[in-house]
Amino acid sequence: MTHRTVRIGGLSRVEGEGALLVRARGGRVIDLRLKIYEPPRFFEAFLRGRAYDEPPDITARICGICPVAYQMSACQAIESALGVAVTGPLRDLRLLLYYGEWIESHTLHIFLLHAPDFLGYDSGMAMAADHREHVERGLAVKKAGNELVATLGGRAIHPVNVRLGGFHRVPRRQELAPVAERLRRAREHALATVTWVAGFDFPDVEHDYRFLALRHPDEYAILSGSPAVSDGSSFPVEDWPDHVVEEQVQDSTALHARLDGTTGYLTGALARYALNSPRLSALAQEAARDAGLGKICRNPFRSIVVRAVEVVHACDEALRIIDGYVEPEVPAVPVEPAAGVGHGASEAPRGTLYHRYRIGADGLITEAAIVPPTSQNQARMEMDLRELIEPRLGLAQAELAALCERAVRNHDPCISCSTHFLDLRLDAR
Amino acid sequence: MWKFASCDGCQLTLLDCEDELLSFAAEVEIAYFLEASSAPGPGPYDLSLVEGSVTTPEDAERIRHVRRVSKRLVTIGACATTGGVQALRDFADVREFTSVVYARPEYIATLATSTPISANVPVDFELRGCPIDKRQLMEVVTAFLAGRRPVVPSHSVCVECKIRGNVCVLVAHGTPCLGPVTQAGCGALCPAFNRGCYGCFGPADTANSRALNAKLRILGMSDPELVRVYRTFNATEEQFMQAAEEASGEADG
Ligand code: SF4
Ligand code: SF4
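Those protein sequence lines, which keep their order, are chains A and B.
Using this note's numbering, the letters of the first sequence map in sequence onto residues 1 to 429.
Using this note's numbering, the letters of the second sequence map in sequence onto residues 1 to 253.
Keep in mind the hints are simulated off the structure, nothing from the lab.
The beta-carbon is built from N, C-alpha and C at its ideal position, and this holds for glycine as well.
Possibly wrong hints are sitting among the right ones.
Listed below are several chain B residues computed to face chain A (Cβ distance under 10 Å; list not exhaustive) [said to hold, decoys possible]:
1. S6
2. C10
3. T13
4. I30
5. F33
6. A78
7. R89
8. F97
9. V101
10. A109
11. C190
12. R195
13. C197
14. P224
Not the full set, but computed from the structure, chain A residues with beta-carbon under 8 Å of chain B [to be verified]:
15. F42
16. E44
17. A45
18. I58
19. C63
20. G64
21. L108
22. L139
23. A156
24. H158
25. H168
To be clear about the criterion: a stretch of chain A counts as covered by chain B if any three or more of its residues have a C-beta under 8 Å from a C-beta of chain B, and this derived list gives those stretches [stated by the list, open to error]:
26. 120-133
27. 141-153
Just chain B, with the same shape it has in the complex (with noise of 0.2 Å):
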């Protein structure tokens, strides 16, 4: 397990599961989690899970050594499969957001840009969420010690919402929402609670945006707003990119 620019937050997932956590721990040689052990073991790793994205240069180093210890490396959470929303600097001057935080800028080495692990390194698969979805984390790591594909669904939000039973917010109160374009994977967490997805799996594979921006736009979403909701934590996703750029105009069309 490994972390890099991340909020800890995809790694505790592993922690949460308290039901399998002792009698995974006794199938698997959980060999280096510094959140939650002090003794590292040596590597070569048969499974590095890797959190969080690359934002200074040392971590770009260092991903590439994670991966040449690593016979499979499997990314969790949106910061490491989309950088996450610490790339939201990579719509701003960098220096600029140092010195706002930072009264000496000058110590702080970190890179202009966030950038997902798979723009490092080759990475085998790419699990996402933020956080990622437990059930979804055990069956990826399942499948992985079995040899075998992860079964993890690429449709949207809506298709779960239609499996959990969930009344439509959209259609049915007019809130915005996210899920036709989002991947489905949380189990349609948000419309059970009578709030529009905000997008946080990223963007599902074959996601429309166009037509949901039409429509977010008559149920009185700004073009702002749509471009807010795009850039928060999958911001440099492509789909998610080009629908934030359709709205604010920065598109061809």
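Looking at chain A on its own, in the form it has when it is part of the complex (with noise of 0.2 Å):
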């Protein structure tokens, strides 16, 4: 055989559009892009002349799936540009808005995105013809984090409450009540879901990864924190420039990003979980220990475990947050505008994501930079592929387009974030 092209008709069940291009000569892999082309939108082009409390409304339109990790991702930037903290009620209300998106989020990717690839089926849907208690389930927990992300943001995609300082509105104790009671019962799905999707039939595949993560002192992070490298150095976040240098490919929209002038680091579920599982709720600790999670995770196929352990935490603290809910007096506290330059960064569903932004005098930004989770993780995914797919040369093109499907699904990227098609080319001599 001298030739052979694999076509896989689009990247399905991941947010976005991309294709993979692989070439191979006498087994070994000579060359291989993930190609990103979801259509350009020029985020950071048009905030420029924008004013200094507009971005947490612009950037959610980023991403449906995590609007409120850039809505926080935002705030805290402009916020630390222009000296104002959030803390106590008012953070606590951010972190409880930030752990339902968590909550909704991963529960799409694990019951509706990635379960179907470990149990055969196309889709959620489709798989809920022969499971459908669990995916009934999935939807149960997933319904409880959408409520919690309208009870506070007014809607689950796109959040209308959200401001510098802090919420337009805060809600009454007597609102949180309805979705405490939902949250109690998704936190028990929650639980077993880890031990359901613990027993799926996992690849015996290990990488070397360099995890970054955010890492707060008394927090599993996600709200803020500094980034953490595996390596064991870190660094506050206003020297995120200094570390993290993104690069443009050619056939790509979204950037490679390289950490300390090496490429392929890894952010997401797994670093978080490598750098701080003892920060997670007790609850949580106890269910990775069941589903024999061990200290790291290297395996990217068992991320769906990391990220079902990830939701019993948010369920956890989202309760532990509303049991001890007071009313915040206001429900902002005020930013003025001023010239300055502000870093900001909060642990997306799918890793870390990383703005700034330079405002005038005059109030109006001057200057943006967003990084999100997936641009950093191109390249990883990249290798990634290649080290899956050397070794596995000689596999039927169907199956090894398939596993290369199910491997980059296992990063749960999110294309739209640059914004749906893998067409797998494996050209092999």
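Dock chain one against chain two, each of which comes alone in its own frame, and use the hints as you go.
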């Protein structure tokens, strides 16, 4: 065989559009490119000239799956430029809103996008025919997350209630009671989900990942923290531009990020777990132990288990916040415009999301930079694929293509953040 | 379900109908939905839902294909219906934009404009919102399956405020609000959260933005602020375009 091409009609069950090109000669991969061709949407360009308080609403529209992540990183970057810190109950409410997004986004990925891979279905809806109780359980958890976001934010997608300094209106205690009721059931379902996914059949793959995730002194970092790397180093978020450099590669509208001169680091569920698992809630730690996760998980296929554990954590922590909730005196602290530069990072469900804004004395933005998780993970995803494909070049093409799709889905990439097709073209001689 | 330049939020709205999803999937054959399924069925399709706007030469071709294989074509969301937030490029130089975001702009193929689907092919129905409202989505899909017109209001958010019993933030708090000129559909969400509407559902049928602009100026909004608020998620929609031009002095008067 001198030449072969595999085409899979679009990378499905990811957010955005992509294609994979692989060239192999004599049993070795000589070229592998994950093309991301979601059309560019130019957020960083049109944010210039907008007012300092607009990015939370505007950048939410980068991604319909994790709008809260965009809102949180944007708020914190701008607040830091203007010398404002949001603390106490308002910060708790932000965390609570973010946990809601975590619950819905992770559960969507686990049940509708990822689990079908392990059980051999094309979609969560097809899987539901044989595994209805599991899918229904997943939908119940997802609904709890959505309701939490909608209660605090007005709606589950692009919440309207977030603003610099806090919220437009804070919830009354009694508004949170029905959500807490649903979350308590969701937490039980989430524990059952960990057991269910831990029993899947995982390909025996391990990669030598370099991880990056935020770290916080007393929390499993989600809303804020300092970037930490698995080699033991860490840096303040203000130093992000000195450590993470984005490079454009041909054929892709998402940029490739490099960390301290090296390429191919990983952010997301596996990274957070490797760096921060001792800070998970006690219940989530117990679930992780029972699922046999160990201290660090390097098998990307098992990321579904880590996500399930993170859902337990999010339900647990959300309930803790609701139980201790005291209505803040004001819905937001004032944030006045001034000249400055600010950096902000938070953990989107898919990984670290960094924003930077430069604001002029007139309150208008002069420069905006946004580094989404998928662009950070893209180079590492290519390495995963290369390591996975090389020893398996003898496999039937359809099988290889399916495996590559699965390997990409392991990372829950959100290509919308640049913006849905993975074509695998394999040329092997 | 087709996707063009967008954030996926509108198609996600379908997956967010947790209570209806499984029974819905049992009633209809979801033939093509890449976000949710890896087994796209071959066309032709009875009903295509299109999210996203047209921003690349390939997409301008692809939407023609989608139209050819679809009996009915419904756009969902501000991107597909008006060009979306990415249409802010229409007011700027896209080459300059490309060079701000990319070091090697020559690798990027993009159009100078972000156009709604209706500017490219005939559309059977347009559902507004950034994102769309899930009750409206259910109504539209149900209506098309039943072969009737969807019942979706064309009045303003103000009417919904009254129905919901919201206090008017404009009158009571002096908070600038686009509710009077914005199409209903969200259930008057922002005023319910003590904030002015920012127009994410696009202009209502009979929007009188000249009168509203006068009022917003009294409330302290500057002209550049007025321009920005109209030029956000539905910037290229006729009435919002005129309202922004009026505020910026670009209009004839
Ligand atoms: S209209 Fe808004 S919510 Fe819908 S796809 Fe476009 S940006 Fe996303
Ligand atoms: S009130 Fe206005 S901005 Fe708010 S959700 Fe409704 S249409 Fe959108």
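A quick look at each hint next to the structure:
Using the Cβ-Cβ criterion of 10 Å, the hint placing S6 of chain B at the interface with chain A is satisfied: the shortest such distance is roughly 7 Å. Taken as an interface hint, C10 of chain B checks out: its beta carbon lies about 7 Å from the nearest beta carbon of chain A, inside 10 Å. Hint on T13 of chain B holds. Least Cβ distance to chain A is approximately 6 Å, under the 10 Å limit. Against a cut-off of 10 Å between C-beta atoms, the interface hint on I30 of chain B holds, since the closest Cβ of chain A lies about 7 Å away.
About 8 Å separates the beta-carbon of F33 of chain B from the nearest beta-carbon of chain A, less than 10 Å, and the hint is met. Restraint check, A78 of chain B versus chain A: the minimum CB separation of about 9 Å is within 10 Å; hint holds. Evaluation of the R89 of chain B hint against chain A yields a held restraint, the C-beta minimum of about 6 Å falling below 10 Å. Because the smallest distance between the Cβ of F97 of chain B and any Cβ of chain A comes to about 4 Å, under 10 Å, the interface hint for this residue holds.
The beta carbon of V101 of chain B is positioned within 10 Å of a beta carbon in chain A (closest approach about 5 Å), and the interface hint is therefore held. At its closest, the beta carbon of A109 of chain B sits 9 Å from a beta carbon of chain A; the interface hint therefore holds under the 10 Å criterion. A distance limit of 10 Å between C-beta atoms decides the matter here; for C190 of chain B the minimum to chain A is near 5 Å, and the interface restraint holds. Against a cut-off of 10 Å between C-beta atoms, the interface hint on R195 of chain B holds, since the closest Cβ of chain A lies about 4 Å away.
The restraint placing C197 of chain B at the interface with chain A holds, with a minimum CB-CB distance near 9 Å, inside the 10 Å limit. Hint status for P224 of chain B: holds, given a least beta-carbon distance of 9 Å to chain A, under 10 Å. For F42 of chain A, the interface hint holds, since its Cβ comes within 8 Å of a Cβ in chain B; the closest pair sits about 5 Å apart. Nearest Cβ of chain B to the Cβ of E44 of chain A: about 5 Å, under the 8 Å cut. The hint holds.
Taking 8 Å as the C-beta contact cut-off toward chain B, the hint placing A45 of chain A at the interface holds, the least distance being around 4 Å. Because the beta carbon of I58 of chain A sits about 7 Å from the nearest beta carbon in chain B, less than 8 Å, this interface hint is met. Given the 8 Å rule on beta carbons, the hint for C63 of chain A holds: about 5 Å separates it from the nearest Cβ of chain B. For G64 of chain A, the shortest C-beta to C-beta distance to chain B is roughly 2 Å, which falls under 8 Å, so the interface hint holds.
For L108 of chain A, the interface hint holds, since its Cβ comes within 8 Å of a Cβ in chain B; the closest pair sits about 6 Å apart. For L139 of chain A, the interface hint holds, the least distance from its beta-carbon to any beta-carbon of chain B being 4 Å, beneath 8 Å. Given the 8 Å rule on beta carbons, the hint for A156 of chain A holds: about 6 Å separates it from the nearest Cβ of chain B. Interface hint at H158 of chain A: satisfied, since its Cβ lies 6 Å from the closest Cβ of chain B, which is below the 8 Å cut-off.
With a cut of 8 Å, the hint placing H168 of chain A at the interface with chain B holds, because the nearest CB-to-CB distance is about 4 Å. Note: the segment 120-133 of chain A has 7 residues with beta-carbon separation from chain B under 8 Å; the three-residue rule is met and the coverage holds. Counting residues of the segment 141-153 of chain A whose CB falls under 8 Å from any CB of chain B gives 3; the rule of at least 3 is met.
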